[in-house]
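Listed in order, the protein sequences are those of chains A and B. In terms of this note's numbering, the first sequence is residues 2 to 323. In terms of this note's numbering, the second sequence is residues 371 to 901.
Hints listed in this document are in silico derivations from the structure and should not be mistaken for laboratory results. Mixed in with the good hints, there may be bad ones.
[To be verified] Listed next, the in silico SDA-like pairs over lysine to any residue satisfying Cα-Cα at most 25 angstroms (straight line):
| id | chain 1 | residue 1 | chain 2 | residue 2 |
| --- | --- | --- | --- | --- |
| 1 | A | Lys88 | B | Gly406 |
| 2 | A | Lys192 | B | Gly549 |
| 3 | A | Lys192 | B | Arg509 |
| 4 | A | Lys321 | B | His736 |
| 5 | A | Lys192 | B | Thr446 |
| 6 | A | Lys251 | B | Asp657 |
| 7 | A | Lys321 | B | Phe405 |
| 8 | A | Lys192 | B | Asp657 |
| 9 | A | Lys192 | A | Asn90 |
| 10 | A | Lys321 | B | Lys412 |
[Stated by the list, open to error] Output of the computed footprint for chain B on chain A, the stretches with three or more beta carbons under 8 angstroms from beta carbons of chain B:
| id | segment |
| --- | --- |
| 11 | 80–91 |
| 12 | 254–264 |
[Said to hold, decoys possible] Counterexamples of contact, computed for chain B against chain A with all Cβ distances above 10 angstroms:
| id | residue |
| --- | --- |
| 13 | Asp413 |
| 14 | Ala720 |
| 15 | Gln776 |
Ideal placement from N, C-alpha and C gives every residue a C-beta, glycine not left out.
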Amino acid sequence: MDIDLILSMANATLRLATPLLLAALAGLYSERSGIFDIGLEGKMLASAFAAATVAAVTGNVWLGLLVGVIVSILTTMLQGFASITLKGNQMIAGVAVTMLAAGMTTFLGQTWFSQGGRTPQLRGDSRLQQIDLPFADQLAGVPILGPIYSEVLSGHYILVYVAFLAVPLTAYVLYRTRFGLRLRAVGENPKAVDTAGISVTMQRYQAIFITGILAGLSGAYFSIAQGAGFGNEMTAGKGYVALAALIFSKWRPVPVMFTCLLFGFLDALQIRMQNVDLPIVGQVPVQAVQALPYILTVVLLAGFIGKAVGPRAGGVPYVKER
Amino acid sequence: MSADNEKQQRPDSAAARPGARSEWAIELEKINKSFGAVHANKDIDLKVRRGTIHGIVGENGAGKSTLMSILYGFYTADSGTIRVNGEPHAITDSRHALALGIGMVHQHFMLVDNMTVLDNVILGAEDSPFLNKTLSRARQQLIKLGEEYSLEVDPDALIENISVGQQQRVEILKALFRGADILILDEPTGVLTPAEADHLFRVLETLRAEGKTVILITHKLREIMAITDEVSVMRQGEMVETLQTKDTNPEQIAELMVGRRVLLQVEKQPATPGGVVLEVENLSVRDRLGVDRVKDVSFSVRAGEIVGIAGVAGNGQSELLEAISGISDPHSGSVRINGQTLDMRGDDGAARARRAGLAHVPEDRHRMGLVVTFEEWENSILGYETYPNYGKGAILDSAAAQAEAQKRIEMFDIRPANIKLKTANFSGGNQQKIVLAREMDRDLEVLVVGQPTRGVDIGAIEFIHKQIIKMRDAGKAVLLVSVELDEIRSLSDRILVMFDGKLVGEADPQTASERDLGMMMAGVEQAEAAE
Chain A
2 MDIDLILSMA NATLRLATPL LLAALAGLYS ERSGIFDIGL EGKMLASAFA
52 AATVAAVTGN VWLGLLVGVI VSILTTMLQG FASITLKGNQ MIAGVAVTML
102 AAGMTTFLGQ TWFSQGGRTP QLRGDSRLQQ IDLPFADQLA GVPILGPIYS
152 EVLSGHYILV YVAFLAVPLT AYVLYRTRFG LRLRAVGENP KAVDTAGISV
202 TMQRYQAIFI TGILAGLSGA YFSIAQGAGF GNEMTAGKGY VALAALIFSK
252 WRPVPVMFTC LLFGFLDALQ IRMQNVDLPI VGQVPVQAVQ ALPYILTVVL
302 LAGFIGKAVG PRAGGVPYVK ER
Chain B
371 MSADNEKQQR PDSAAARPGA RSEWAIELEK INKSFGAVHA NKDIDLKVRR
421 GTIHGIVGEN GAGKSTLMSI LYGFYTADSG TIRVNGEPHA ITDSRHALAL
471 GIGMVHQHFM LVDNMTVLDN VILGAEDSPF LNKTLSRARQ QLIKLGEEYS
521 LEVDPDALIE NISVGQQQRV EILKALFRGA DILILDEPTG VLTPAEADHL
571 FRVLETLRAE GKTVILITHK LREIMAITDE VSVMRQGEMV ETLQTKDTNP
621 EQIAELMVGR RVLLQVEKQP ATPGGVVLEV ENLSVRDRLG VDRVKDVSFS
671 VRAGEIVGIA GVAGNGQSEL LEAISGISDP HSGSVRINGQ TLDMRGDDGA
721 ARARRAGLAH VPEDRHRMGL VVTFEEWENS ILGYETYPNY GKGAILDSAA
771 AQAEAQKRIE MFDIRPANIK LKTANFSGGN QQKIVLAREM DRDLEVLVVG
821 QPTRGVDIGA IEFIHKQIIK MRDAGKAVLL VSVELDEIRS LSDRILVMFD
871 GKLVGEADPQ TASERDLGMM MAGVEQAEAA E
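The following block holds chain A by itself, in its conformation from the complex (with noise of 0.2 angstroms):
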């Protein structure tokens, strides 16, 4: 194992691990708050296509990434009206988001563009660029921590940075502000947060409303930054691995982001280790290295998360006696 090698596992488990990372941080505020959702991979799909067309048709990469977000915001509310103010079922109502985003996004790209579902490619300006971080290039040169500052750490899109700065921000926010207080106690027990003299359903939507942003902000990541355009199903189900991520780590931001950066290595080394001739085995099938993270999502649920307890008013439509 050489150093080159190290660095560059380590800036694409970054890269990898930041839309999960996003989409797990959503789905911790809409979970901490009491509702569940499964609707995370269909916010992330429609803001995907969302941006990507924005993008493709503006040439503008700044309003794409708004506009996804705005999507997915809506694609959130439209979710949230079911569960919440209609009280339907939250399963449901993210299964039926999820699978509205699926259709909607081949349609309407199939419709738009005519490339079977794809949108048009993205280039220059009309996706996100990676940043240098400054002093890169002169600081490279300082032993160990150098090469860690200018290989791994610059030259990501700006995402990645906001993923993994809302780690820090999320944790202030979840136990140090009255917002957090309120959004861990109505996940908890929404009776005490309502007679405490606090809408329920006020800070339920306020709470799946920063959902919608990072979701949205996920999605993105998928068709303007990481790749260039959206394509059929380009989420591929990271929007559950991302909630896999959320319940192993008990819906606690920092353990998030440790989880995220597991899976994401796990997605690196899967890269890395396709078409390589292994001892003993010889050359694994692309598909079983493929399958590897996914593999560990299933072997971390069923073994290893035996106790996760979820906020306790999970799931459940808040209806006052009667």
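On the provided structure of chain A, position chain B as indicated by the hints.
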């Protein structure tokens, strides 16, 4: 919500409230509230005098909690006027009530279990978007309030780690922190030990001495007599009468509550116990977390006697009941009926216990005794559905089952007398009678009853008590577990006291004083510390 309300909610604005001179803290006029077809409050008038403790009594379903929830803004009245300190207000939500200085301690605490005491106290009463300032102010005020009213709690303890008595203190502190000067308590003593209840009453007296107004909802007449200045009686959604406590007596209040005279003392002949029927030997129960809930418990019940197990809820009674009735597997020890050891392993332990002649009325009828979405007759055979009386093989003879249910409805005076009615639509007392009828109306050796009258109105309590005594007089062995000390004392022929999973003492109901029992129930060492 307007910023105005936000401001009013702060405790320091309490003094600035208008109309603080009015003689009446609360005046309710012609309050009506319906839930679907149920008219829960009918033209209720109520006046609560400032600086007094005002009791509200009534049977379950009389509309007490509904009325107070309206005052607290949890429900909105269909019609009627609310005046607080002489000023009319349309209280639309709890925030509004809190702003008017009304605080409520609910029967089921409104606390977030995995948050700290401090977090719970400030929830909804935070000064600013950031918590630091609120937290330090609240910490100081909590300590001050705790000393002032002897309501000390550890501000940093998690709610799930403190006792129910402590949790109730947090609820009271929550209200005081918000500057409440009218405090509503809904059945506050149901979960407390006698010593804790006494302490609560001293706290309420302190509050009254400071000019605060207390509204106490209860169905325990003793508490009304002991602490209130005035008492209002409700019956079937209507306000019957408001009396000066010193001019009345428990019999009069009880009569007003049920609309006829009831016997508070259960009439029974001395027991004539026969041979030993139920034997429990060295029984231990360990829960899933590996904690011993029942520790090496041994006792026996003879034919024709009622053995009562007293104790504060949560001291292993529930686990003991579940082990004896075969619902959960004991860790060690045995249960014998007429000398025959019960095989309690596996999921069908309860069915085997039943076949051996053990009838079980579970503590929580909703969780274990009934499927409330079933029709009455279906619940009437639940657990016995495979018995030959109700059909052969897989086919249910519903005609036979229904005929039997009809018979039991008459026998146990279950109202309404409709076997096709959904069980959820029966009142608590009648639901309990459905369970009792199912378990008692068959050939049995041992009757095991948990909390027979929990959430049951006075009329039904009397009936249920009589049925239990009838079983005893018919020569059955009866094991009674209840957290109501009065019930244990009036029904039992022998009292066993359970504390921390162990049987800590035996007492004779005729001679044991409530204080002695209370000390045993609190664990003797603890009781000494409290004295």
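Status of each hint after checking the structure:
1. A:Lys88 x B:Gly406: holds (19 angstroms)
2. A:Lys192 x B:Gly549: Distance of about 21 angstroms is within 25 angstroms: holds.
3. A:Lys192 x B:Arg509: holds (24 angstroms)
4. A:Lys321 x B:His736: Between lysine 321 of chain A and histidine 736 of chain B the Cα gap is close to 19 angstroms, so the pair holds against 25 angstroms.
5. A:Lys192 x B:Thr446: With Cα atoms ~16 angstroms apart, lysine 192 of chain A and threonine 446 of chain B stay inside 25 angstroms; holds.
6. A:Lys251 x B:Asp657: holds (24 angstroms)
7. A:Lys321 x B:Phe405: Since the Cα atoms of lysine 321 of chain A and phenylalanine 405 of chain B sit roughly 12 angstroms apart, the hinted pair holds (cutoff 25 angstroms).
8. A:Lys192 x B:Asp657: violated (29 angstroms)
9. A:Lys192 x A:Asn90: With a Cα-Cα distance of about 19 angstroms, the restraint between lysine 192 of chain A and asparagine 90 of chain A holds, given a limit of 25 angstroms.
10. A:Lys321 x B:Lys412: With Cα atoms ~21 angstroms apart, lysine 321 of chain A and lysine 412 of chain B stay inside 25 angstroms; holds.
11. 80–91: Not satisfied, violated; 0 residues make the cut.
12. 254–264: violated (count 0)
13. Asp413: holds (20 angstroms)
14. Ala720: holds (27 angstroms)
15. Gln776: Holds, since 30 angstroms exceeds 10 angstroms.
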